[in-house]
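Work out the full structure: start from the sequences and follow the hints.
These are the residues of each chain, in order.
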Amino acid sequence: MKVTGEYFDGKSSLAHPVEITIIEDYVVMVAGEGINIKTTLDDIHISSRVGNTPRLIKLQEDAVIHIGDNDALDEAISGFYHASTRAHKLESRRSVVLLSIVILVLGVVYFIVDGSSRLAKVVAYNLPATVEKKIGTEAFKYIDEGILEASKLKEEKQKEISALFTKFDGAKEYKLHFRRGIGINAFALPSGDIVITDELIEFSEGNNDMIFGVLAHEIGHVKRKHSMQMMVKASMVGILVGYFTGDVSTLATTLMSSVVQAKYSREFEKEADAFAKETMKKSGVDPKNLALFFEKMSKKDPTHIETGYFDSHPANQERIDALLAP
Amino acid sequence: MTGVARQANGSAEDSFEPLEFQGKSKEFFGIWIVNVFLSIVTLGIYSAWAKVRTNRYFYGNTFYKGSSFEYTADPIKILKGRLLIVGLYAIFFVSLEILLNPFIAGAIFIFGLIMIPWLINRSIIFRLHNTKHRNIRFAHHAHAKKYYGFYFFHSILYVFSLGFTYGYSLNEFKKLLYRNSSYGSVMFDYHGKAGSVYWQIVKSIGFTLLFMIIGALVVFILSTLLNPLFVDATTVDPEEKLSSVARILIVVGVYLFYFFVGILGKASYDSYVGNYFWNNVSLHETKFQSTLKPTSLAWIYGTNVLAVIFSIGLFTPWARVRIARYKCENFAISCPDISSFIATSQQESTAIGEEAGDFFDIDIGF
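Sequence lines, in order, name chains A and B. Add 59 to a position in the first sequence, counting from 1, and you land on the number used in the numbering used here. Add 1175 to a position in the second sequence, counting from 1, and you land on the number used in the numbering used here.
Errors might be hidden in some of the hints.
Unchecked claim - As a list, the in silico SDA-like pairs of lysine to any residue whose alpha-carbon atoms are at most 20 Å apart:
id, chain 1, residue 1, chain 2, residue 2
1, B, Lys1240, A, Ala74
2, B, Lys1201, A, Leu149
3, A, Lys148, B, Val1216
4, B, Lys1199, A, Ser154
5, B, Lys1201, A, Asp130
6, B, Lys1199, A, Ser107
7, A, Lys70, B, Val1361
8, B, Lys1349, B, Asp1445
9, B, Lys1201, A, Ala146
10, B, Lys1240, A, His75
11, B, Lys1240, A, Thr63
12, A, Lys70, B, Ile1517
13, A, Lys148, B, Thr1217
14, A, Lys148, B, Thr1229
15, B, Lys1199, B, Tyr1246
16, B, Lys1199, A, Ala146
17, A, Lys70, B, Phe1363
18, B, Lys1201, A, Asp128
19, B, Lys1252, A, Ser107
20, B, Lys1201, B, Ile1487
21, B, Lys1240, A, Gly69
22, B, Lys1201, A, Leu163
23, A, Lys193, B, Ser1270
24, A, Lys347, A, Ile379
25, A, Lys70, B, Thr1247
26, A, Lys148, B, Asn1230
27, A, Lys70, B, Met1362
28, A, Lys193, B, Pro1277
29, A, Lys193, B, Ile1279
30, A, Lys192, B, Phe1268
31, A, Lys231, A, Glu191
32, B, Lys1201, A, Arg145
33, B, Lys1199, A, Gly127
34, A, Lys117, B, Phe1313
35, A, Lys117, B, Ala1248
36, A, Lys193, B, Phe1268
37, A, Lys234, A, Ala209
To be verified - Reference listing, derived: stretches of chain B covered by chain A, where coverage requires no fewer than 3 residues with Cβ under 8 Å from a Cβ of chain A:
id, region
38, 1200-1208
39, 1308-1314
40, 1509-1515
Since the hints were derived computationally from the structure, they do not count as laboratory data. Glycine included, C-beta positions come from ideal geometry on N, C-alpha and C.
Listed below in structure tokens is the structure:
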């Protein structure tokens, strides 16, 4: 078998057209104008194949032969020389490529739909408390300086609401802040900072059990590490998307993580409701008060119900029913 | 493209011949997907091999005067570099975020900061050393000392001038880069002027602004025309004049705006500034000519990003081949005698520098 190529001696950029002959006793002959090399297959190295890029036969002393015709070369050396072609075989086999696509796409879809939530949960529950504290405190400072306004609530009323807190187990872990400026709202941060707005307190029309329910719901979010899970998940999905798109993708990351969070929140709301219900029962408060709050909210504006700053899902009948169930 | 006199550094005898890119997106797709798959399965170990295969594919498909380029890096070296950087980063992250030990984290941070010029230097040496054409190596000869001097001086300058010396520093960096690089025994030269670099930057900002203004006008006209469609008559609260559809459109619009600005900015910078650099590089009698167009590049970048996003990444190989082809078509070299370059003695280089450059996303760009 004869293969043609270009010989470069490694000392100058001059190309010598050569013809390579492989004789059955492993002898390799390289012949061209002014070139006449005789060597054996043991003394040369043939580069692995990448796509259809030119292959290199490395001879002694930095000399190299560029071979353009990959198939001719592979045919010429088959049976004599084992040039590493494992990766190329995988890359060029249609079944392997299709299988890789299917597995990767399924893997990515599974990761986004379910895997990332599971992983996020494990990570969130195992993060040291100091991390939560730090993140929550930072987030609270950011929101407090940027969006929230000081409360105009009377001091007695504030004390009265704060007193509700003593009913909780481990109330010391939480700190209640009175603010206004974001409508009827309450939210809790991983650091245990809980914010309740004047508007929400007015809205409750003196029903402290209702406020207790709302606070229990927000504490449920903290206890179940919901915002930590969301953060962990958003960053994991972000890393994944970034990996695939090669970092062009703040847009993609944001879109993806918001899509993901839409479903997340609904499940978290249920968990927080369940926690609130249990806590209310334990403290001798009827869970129907929280259901009442949701009903009242839905009557106020059927399209925009905000039960917390970070969750924007309407309290639907299902949730109300769950609270009312014995 | 041959026999035409162009540019300030061109003369009548220059015959520019563009690079030819022979890569095919379908073929590269196979390489890419196997790379991604094996990298995930091996928890990143294979990524070093993946990088070598990818670079070998792109270098090997880039031809000048019938000969392709060659990427000779050893994946093991790349892996070692990668592991070192990941290890340092992990210690930094754990000590700062989990152990809350600012001393270890601070020490690593300062260590990393001190290492940056060295890393950039090593990565340039590594990349050039591992590039061959016609079996002759490229090389970079500047010692890390020069890079320390450069970064020390220019970062102080940058801070005190509030960033206005950026163009000057960039031009000085190109001098440092090219005047210490060689192909075989021949040194590169760079004769760009800081003033012209500023002018290219101004042009690219102007280009971006022009399209931003056009975009803003289009949005303004459209929103005025379409406004009645989106005002929600049923809203009780007078502060909520916009319907939820309009709100979503605004959010999408803001993202699109950032997207366009980003694409236009990058495309105009890469073309105006990038062309200028290459058009002022020479290798003895060899001259280079880069003719990227901001509009074409913006179109390619923009459609690439969209294609990649909407194909959940599967169009990445297509996008990369497309960029490579466009860049090769617009990169021409005039070399009077390709056969007369002579090799020099060759030395090994470590991969740590280049890997760190990848990891921390320092775009060095040769």
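Verification of the hints:
no., hint, verdict
1, Lys1240/B to Ala74/A, "11 Å, holds"
2, Lys1201/B to Leu149/A, "14 Å, holds"
3, Lys148/A to Val1216/B, "18 Å, holds"
4, Lys1199/B to Ser154/A, "19 Å, holds"
5, Lys1201/B to Asp130/A, "18 Å, holds"
6, Lys1199/B to Ser107/A, "19 Å, holds"
7, Lys70/A to Val1361/B, "13 Å, holds"
8, Lys1349/B to Asp1445/B, "15 Å, holds"
9, Lys1201/B to Ala146/A, "16 Å, holds"
10, Lys1240/B to His75/A, "14 Å, holds"
11, Lys1240/B to Thr63/A, "18 Å, holds"
12, Lys70/A to Ile1517/B, "6 Å, holds"
13, Lys148/A to Thr1217/B, "19 Å, holds"
14, Lys148/A to Thr1229/B, "15 Å, holds"
15, Lys1199/B to Tyr1246/B, "18 Å, holds"
16, Lys1199/B to Ala146/A, "18 Å, holds"
17, Lys70/A to Phe1363/B, "19 Å, holds"
18, Lys1201/B to Asp128/A, "19 Å, holds"
19, Lys1252/B to Ser107/A, "18 Å, holds"
20, Lys1201/B to Ile1487/B, "17 Å, holds"
21, Lys1240/B to Gly69/A, "18 Å, holds"
22, Lys1201/B to Leu163/A, "18 Å, holds"
23, Lys193/A to Ser1270/B, "14 Å, holds"
24, Lys347/A to Ile379/A, "8 Å, holds"
25, Lys70/A to Thr1247/B, "17 Å, holds"
26, Lys148/A to Asn1230/B, "18 Å, holds"
27, Lys70/A to Met1362/B, "16 Å, holds"
28, Lys193/A to Pro1277/B, "14 Å, holds"
29, Lys193/A to Ile1279/B, "19 Å, holds"
30, Lys192/A to Phe1268/B, "17 Å, holds"
31, Lys231/A to Glu191/A, "16 Å, holds"
32, Lys1201/B to Arg145/A, "19 Å, holds"
33, Lys1199/B to Gly127/A, "16 Å, holds"
34, Lys117/A to Phe1313/B, "18 Å, holds"
35, Lys117/A to Ala1248/B, "15 Å, holds"
36, Lys193/A to Phe1268/B, "15 Å, holds"
37, Lys234/A to Ala209/A, "16 Å, holds"
38, 1200-1208, "holds (count 6)"
39, 1308-1314, "holds (count 4)"
40, 1509-1515, "holds (count 3)"
Checked against the numbered hints listed earlier, the structure breaks none of them; every hint is satisfied.
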